[in-house]
Amino acid sequence: MRKYLIRPASHGLDMSAPSLHQDLGHADWPAQNFKISQKSVLKRYGYGEDRDLGGGIDVQAIIYYKKSDGTIRTVYLTPTNAMIRESSGTWSYINVEYTTGTVDTAGVSVNVITGASTPDWVDTGDYTAPAIGDYFIIDDDHSSTAEPDTNWGVIESIDSDTQITLVDAYTGASTDGDYTISKQYAVPSGERWSWAVVNDSVYFSNGADYVQVYTGSGKATQLNTTSAIKARYLIEYANRLIMADYGSTRAANGLAWSKEGDPSDWTDTTAGSNTFLQSDDYITGLGKVGGSLVVYQRDSLIFGQRTGEYVAPIEFSRTKRGVGCIAPYSIVDVRGTNAFFGRDDVYIIDGESPYPVGEKIRDKLFSVATTTELEKAYGYNNMLQNEVRWFVTDIDSNRLCFVWNYKLDEWYYYNLNDAMSCGGKGQL
Amino acid sequence: MAEVLSNGGFTGSIDSDYWTKYGGSSRHMFYYDATGAAHTGGAAKCGHTTGTPFTTMRYSMKQPFTLTAAADIDTANMDAWCQYNDNGSTDPEVPNCTIQFAVKLRDPDGNFHNVKTKTYNYGDLTSITFMNNKDVKTILQTYGNGTWYVHLSAFIYRANLTGAWLVGWWDDISLDIAYYDYGTVTETITLSETASGVGAFSDTFTDTITLSDSGALSASADPAFGYYFGSYDGKVYFEDSTYKSDDGTSIDAYWESKETDFAEEDMQALGKFKTIYQIRLLYVDISDAAATVTISVKPDGGATWTAITENVGGVGDDTNKNKDFNIIITGNSFKFRLQHDSADNNFQWTGMEVDYTTGGDYF
Numbered sequence: 009m010r011k012y013l014i015r016p017a018s019h020g021l022d023m024s025a026p027s028l029h030q031d032l033g034h035a036d037w038p039a040q041n042f043k044i045s046q047k048s049v050l051k052r053y054g055y056g057e058d059r060d061l062g063g064g065i066d067v068q069a070i071i072y073y074k075k076s077d078g079t080i081r082t083v084y085l086t087p088t089n090a091m092i093r094e095s096s097g098t099w100s101y102i103n104v105e106y107t108t109g110t111v112d113t114a115g116v117s118v119n120v121i122t123g124a125s126t127p128d129w130v131d132t133g134d135y136t137a138p139a140i141g142d143y144f145i146i147d148d149d150h151s152s153t154a155e156p157d158t159n160w161g162v163i164e165s166i167d168s169d170t171q172i173t174l175v176d177a178y179t180g181a182s183t184d185g186d187y188t189i190s191k192q193y194a195v196p197s198g199e200r201w202s203w204a205v206v207n208d209s210v211y212f213s214n215g216a217d218y219v220q221v222y223t224g225s226g227k228a229t230q231l232n233t234t235s236a237i238k239a240r241y242l243i244e245y246a247n248r249l250i251m252a253d254y255g256s257t258r259a260a261n262g263l264a265w266s267k268e269g270d271p272s273d274w275t276d277t278t279a280g281s282n283t284f285l286q287s288d289d290y291i292t293g294l295g296k297v298g299g300s301l302v303v304y305q306r307d308s309l310i311f312g313q314r315t316g317e318y319v320a321p322i323e324f325s326r327t328k329r330g331v332g333c334i335a336p337y338s339i340v341d342v343r344g345t346n347a348f349f350g351r352d353d354v355y356i357i358d359g360e361s362p363y364p365v366g367e368k369i370r371d372k373l374f375s376v377a378t379t380t381e382l383e384k385a386y387g388y389n390n391m392l393q394n395e396v397r398w399f400v401t402d403i404d405s406n407r408l409c410f411v412w413n414y415k416l417d418e419w420y421y422y423n424l425n426d427a428m429s430c431g432g433k434g435q436l
Numbered sequence: 009m010a011e012v013l014s015n016g017g018f019t020g021s022i023d024s025d026y027w028t029k030y031g032g033s034s035r036h037m038f039y040y041d042a043t044g045a046a047h048t049g050g051a052a053k054c055g056h057t058t059g060t061p062f063t064t065m066r067y068s069m070k071q072p073f074t075l076t077a078a079a080d081i082d083t084a085n086m087d088a089w090c091q092y093n094d095n096g097s098t099d100p101e102v103p104n105c106t107i108q109f110a111v112k113l114r115d116p117d118g119n120f121h122n123v124k125t126k127t128y129n130y131g132d133l134t135s136i137t138f139m140n141n142k143d144v145k146t147i148l149q150t151y152g153n154g155t156w157y158v159h160l161s162a163f164i165y166r167a168n169l170t171g172a173w174l175v176g177w178w179d180d181i182s183l184d185i186a187y188y189d190y191g192t193v194t195e196t197i198t199l200s201e202t203a204s205g206v207g208a209f210s211d212t213f214t215d216t217i218t219l220s221d222s223g224a225l226s227a228s229a230d231p232a233f234g235y236y237f238g239s240y241d242g243k244v245y246f247e248d249s250t251y252k253s254d255d256g257t258s259i260d261a262y263w264e265s266k267e268t269d270f271a272e273e274d275m276q277a278l279g280k281f282k283t284i285y286q287i288r289l290l291y292v293d294i295s296d297a298a299a300t301v302t303i304s305v306k307p308d309g310g311a312t313w314t315a316i317t318e319n320v321g322g323v324g325d326d327t328n329k330n331k332d333f334n335i336i337i338t339g340n341s342f343k344f345r346l347q348h349d350s351a352d353n354n355f356q357w358t359g360m361e362v363d364y365t366t367g368g369d370y371f
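Residue numbers (our numbering), protein chains in the order written: chain A, 9 to 436; chain B, 9 to 371.
Some clues are possibly wrong.
[Stated by the list, open to error] As a list, the in silico DSSO-like pairs of lysine-lysine whose alpha-carbon atoms are at most 27 Å apart: (1) B/29 x B/124; (2) A/415 x A/296; (3) B/70 x B/112; (4) A/238 x A/384; (5) A/433 x A/415; (6) A/74 x A/227; (7) A/74 x A/47; (8) B/126 x A/433; (9) B/142 x A/372; (10) A/75 x A/372; (11) B/329 x A/74; (12) A/11 x B/331; (13) A/47 x B/331; (14) A/75 x B/280; (15) B/343 x A/47; (16) A/384 x A/328; (17) A/11 x B/343; (18) B/280 x A/11; (19) B/145 x B/124; (20) A/433 x B/112; (21) A/47 x A/227; (22) A/227 x A/372; (23) A/433 x B/70; (24) A/433 x A/74; (25) A/328 x A/74; (26) A/433 x B/124; (27) A/227 x A/267; (28) B/126 x B/145; (29) A/47 x B/280; (30) B/112 x B/126; (31) B/29 x B/142; (32) B/142 x B/124; (33) A/11 x B/329; (34) B/70 x B/126; (35) B/112 x A/74; (36) B/112 x B/124; (37) A/74 x A/238; (38) A/75 x A/433; (39) A/267 x A/296; (40) A/47 x A/415.
The hints are simulated quantities; they were obtained by calculation from the structure and are not laboratory data. Owing to the predicted nature of the structure, the values given are computational and were not obtained by experimental measurement.
Using the sequences plus the hints, can you model the full thing?
In structure tokens:
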């Protein structure tokens, strides 16, 4: 009797054709839901429900927000809302709110809400004014420990300075008093939030709203309604907040930096901007690799370095053409560099050169999804398991999870029971 | 030994004084049950009777206790009993329903630490010693003095239930802490010094130092974090090694080999018919319940897998073992698949050994 050995079982997926020289332990597609650990094959971890935010809500980002005083919160972002989870376990919305004046006609079964004490609900051009789709509640009916509180009503129309109409009749018992209108954000379809934790605050932005800042108390506010508008990409670099692809008139090749140490000031002498004149391409993301700021374009990488000069803090003198990032939300920090989706492979940056790491699975990855879907891929680094996970929607609208174990350089495929929209680090 | 929890035996005061209920909604909270306990006295009961299927009903409650001398803890142990039952309905979905009991400690920084989590399948009334002398000293000492909370949870997964009801009870919860008895040591040290030189002089001083033994320590650790998923339907999920399923749904894990004619290891097998007689699976026994494992073989690029299923392991002693799968199949080249589809346990394997003989030329 002869023996054929597959031992040890120490490899993940490899789509290469089988060959005499290939390690026997590589797995073939559609092997799924396993990981490699210490030269053995393990079933991947499962998961359990932590919170139900309500049907139809797409969770886009999970942010571990720790302040220098030791307080920790987890920030959750959806296309319309921002929420925090305190260490005590309570949840609350931190959307910008409008609370001017009071209401004097509300209550159960009332659609039309009448204001008092000059709520001034109509204010064209003012982002903070109430708008269709925002949420209304009377404060006496609001329980912050029961979010999403069932008494929130959606605004159907802003009829006048003293009248708004809800889509459905108000469900709270109160008829008058202080109220809250929670502003809804409007992340563009197919896009996501970008965020950065800078100077003990969380900054988050998208291509439709003002850049928001949350300091750890109260609600989020507009960072700067003159300068910080519709920034698709945010990052911290050189002790400044950097934004790219921004502006009321979109500057797809524009990048700006705030005053040193003060992300709210964009006009100081130490603040500034740069427009990349390589206009056959456009910015698709920001990253940091070592001491460099990386500006991603679809087919190029632009590297920025600190100059040490107060008024011209960053210089962009090196461009590597031929490989770029087609999927802004695929950019992931891993071991001091970035991993991201290029047009033809998955890359990391080694020094200032792109290095492909996806050879074992790239044919499968680039065949299951269209270019449009790949451009929407989302990735995050699970440092506890040494895995970068990328979520990709295939041509049949199934949500696939390709996993790269960067410690072992092995690839896996996780078929999760639920369609996941994001992943991230949060407090326990 | 001091019992630091109040009313872990549940005498009718769940709503006040001691335990604070949270989670779920007004319909889904623990409530006092005078007769539902396996032991003398009452219990904290939770249950599902109606509602939408495919939902996990979450019941939780918590009780604070204060530590002021964590470093002096000698022993700290927890006990807990639980029960679960369905109403004996012939609803076909009952065996697919589960209840997960969990005990966690929350430290003064607000971070949770799992003491024990276990999921059970519904069936007849079952009483369980959930924990007996579970050691929690390390957790308490690592995160130190302050206000702690004991959190008890019961998550009932209702599958596609239509007619039956599902209930669970917590009963006789205790946390017992004993502290070291330090003495005081008093010691007198006399210091003296003499200096001499030109114009000789001497200088002598004495000092008395009292030593008292104290174990006061303060330990601080970085706040713990974990990783979460967000879904398209508004759910946030916590991913962790303690979960063996995807929120109650089994994880179908399988590893599939490349097509091989064994020539990588045995050149004499090249171009020959082979007959496989046995596959030996090498694994690590990591689960305290046997894992159902299926090994399948497919010859010559065909469409049909031949499968053998066995129960593997179940001791949970983390030792290396093997299990033979007897299968007879003939071909030139083969693919192998190893599958483990479960919501209740993990499985870890380290290799396969395929026993075969060669035959005539393959044509």
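Verification of the supplied hints:
For a cut-off of 27 Å, the pair hint linking residue 29 of chain B to residue 124 of chain B stands: about 19 Å separates their Cα positions. Taking the CA atoms of residue 415 of chain A and residue 296 of chain A, the gap is near 20 Å; set against the 27 Å cutoff, the hint holds. Between the alpha carbons of residue 70 of chain B and residue 112 of chain B the distance comes to roughly 9 Å, so the proposed pair stays at or under 27 Å and holds. About 19 Å separates the Cα atoms of residue 238 of chain A and residue 384 of chain A, which keeps this hinted pair within 27 Å; it holds.
Restraint check for residue 433 of chain A and residue 415 of chain A: the C-alpha separation of about 19 Å stays at or below 27 Å, so the hint holds. Proximity of residue 74 of chain A to residue 227 of chain A is assessed by CA-CA distance (about 17 Å); at most 27 Å being required, the pair is judged to hold. For the hint pairing residue 74 of chain A with residue 47 of chain A, the CA-to-CA distance comes to about 36 Å; that exceeds 27 Å, so the pair is violated. A C-alpha spacing of about 24 Å is found between residue 126 of chain B and residue 433 of chain A, which places the hinted pair at or below 27 Å, so the restraint holds.
Under the criterion of a C-alpha separation no larger than 27 Å, the hint pairing residue 142 of chain B with residue 372 of chain A is inconsistent with the structure, at around 48 Å. Simply put, residue 75 of chain A and residue 372 of chain A have alpha-carbon atoms about 42 Å apart, too far for the 27 Å limit, and the pair is violated. Taken as a hint, the residue 329 of chain B and residue 74 of chain A pair is broken in the structure, with Cα atoms around 45 Å apart against an allowance of 27 Å. A C-alpha spacing of about 15 Å is found between residue 11 of chain A and residue 331 of chain B, which places the hinted pair at or below 27 Å, so the restraint holds.
Proposed proximity of residue 47 of chain A and residue 331 of chain B is supported: the alpha carbons are some 18 Å apart, at most 27 Å. Simply put, residue 75 of chain A and residue 280 of chain B have alpha-carbon atoms about 67 Å apart, too far for the 27 Å limit, and the pair is violated. A threshold of 27 Å between alpha carbons decides the hint, and for residue 343 of chain B with residue 47 of chain A the separation of about 21 Å falls inside it, so the pair holds. Only pairs whose Cα atoms come within 27 Å are accepted, and residue 384 of chain A paired with residue 328 of chain A is accepted, the gap being roughly 23 Å.
With a C-alpha separation of about 15 Å, the suggested pairing of residue 11 of chain A with residue 343 of chain B holds against the 27 Å cut-off. A distance of roughly 15 Å separates the Cα atoms of residue 280 of chain B and residue 11 of chain A; the hinted pair therefore holds under the 27 Å criterion. The suggested pairing of residue 145 of chain B with residue 124 of chain B holds, with an alpha-carbon distance near 14 Å, which does not exceed 27 Å. Proposed proximity of residue 433 of chain A and residue 112 of chain B is supported: the alpha carbons are some 20 Å apart, at most 27 Å.
For the given pair, residue 47 of chain A sits about 49 Å from residue 227 of chain A by alpha-carbon distance, which is inconsistent with the 27 Å threshold. Restraint check: the Cα-Cα separation between residue 227 of chain A and residue 372 of chain A comes to about 44 Å, which exceeds 27 Å; the hinted pair is violated. With a CA separation close to 25 Å, the supplied pair residue 433 of chain A and residue 70 of chain B stays within the 27 Å bound. In summary, the hint linking residue 433 of chain A to residue 74 of chain A is supported, as the alpha carbons are separated by about 11 Å, within the 27 Å threshold.
About 35 Å separates the Cα atoms of residue 328 of chain A and residue 74 of chain A, which puts this hinted pair outside 27 Å; it is violated. Taking the CA atoms of residue 433 of chain A and residue 124 of chain B, the gap is about 23 Å. The hint holds against a cut of 27 Å. A C-alpha spacing of about 23 Å is found between residue 227 of chain A and residue 267 of chain A, which places the hinted pair at or below 27 Å, so the restraint holds. A hinted pair counts as satisfied when its Cα atoms are at most 27 Å apart, and residue 126 of chain B with residue 145 of chain B qualifies at roughly 21 Å.
This hinted pair does not check out: residue 47 of chain A and residue 280 of chain B have alpha carbons roughly 31 Å apart, beyond 27 Å. This hinted pair checks out: residue 112 of chain B and residue 126 of chain B have alpha carbons roughly 12 Å apart, not beyond 27 Å. Under the criterion of a C-alpha separation no larger than 27 Å, the hint pairing residue 29 of chain B with residue 142 of chain B is consistent with the structure, at around 24 Å. Straight-line distance between C-alpha atoms of residue 142 of chain B and residue 124 of chain B comes to about 9 Å, which keeps the hinted pair within the 27 Å bound.
Pair hint residue 11 of chain A plus residue 329 of chain B holds up; C-alpha atoms about 18 Å apart against a cutoff of 27 Å. For the proposed pair residue 70 of chain B and residue 126 of chain B, the alpha carbon gap of about 18 Å is at most 27 Å, so the pair holds. Our distance criterion of 27 Å between C-alpha atoms is met by residue 112 of chain B and residue 74 of chain A, whose separation comes to about 23 Å. Annotation: proposed proximity of residue 112 of chain B to residue 124 of chain B holds, straight-line Cα distance about 7 Å (limit 27 Å).
Taking the CA atoms of residue 74 of chain A and residue 238 of chain A, the gap is about 25 Å. The hint holds against a cut of 27 Å. Between residue 75 of chain A and residue 433 of chain A, the direct Cα distance comes to roughly 15 Å. Compliance with the 27 Å bound is thereby established for this hinted pair. Between residue 267 of chain A and residue 296 of chain A the CA atoms are separated by roughly 19 Å; this keeps the pair inside 27 Å, and the hint holds. The suggested pairing of residue 47 of chain A with residue 415 of chain A holds, with an alpha-carbon distance near 13 Å, which does not exceed 27 Å.
Violated hints, listed in ascending order, are 7, 9, 10, 11, 14, 21, 22, 25, 29; each of the other numbered hints is respected by the structure.
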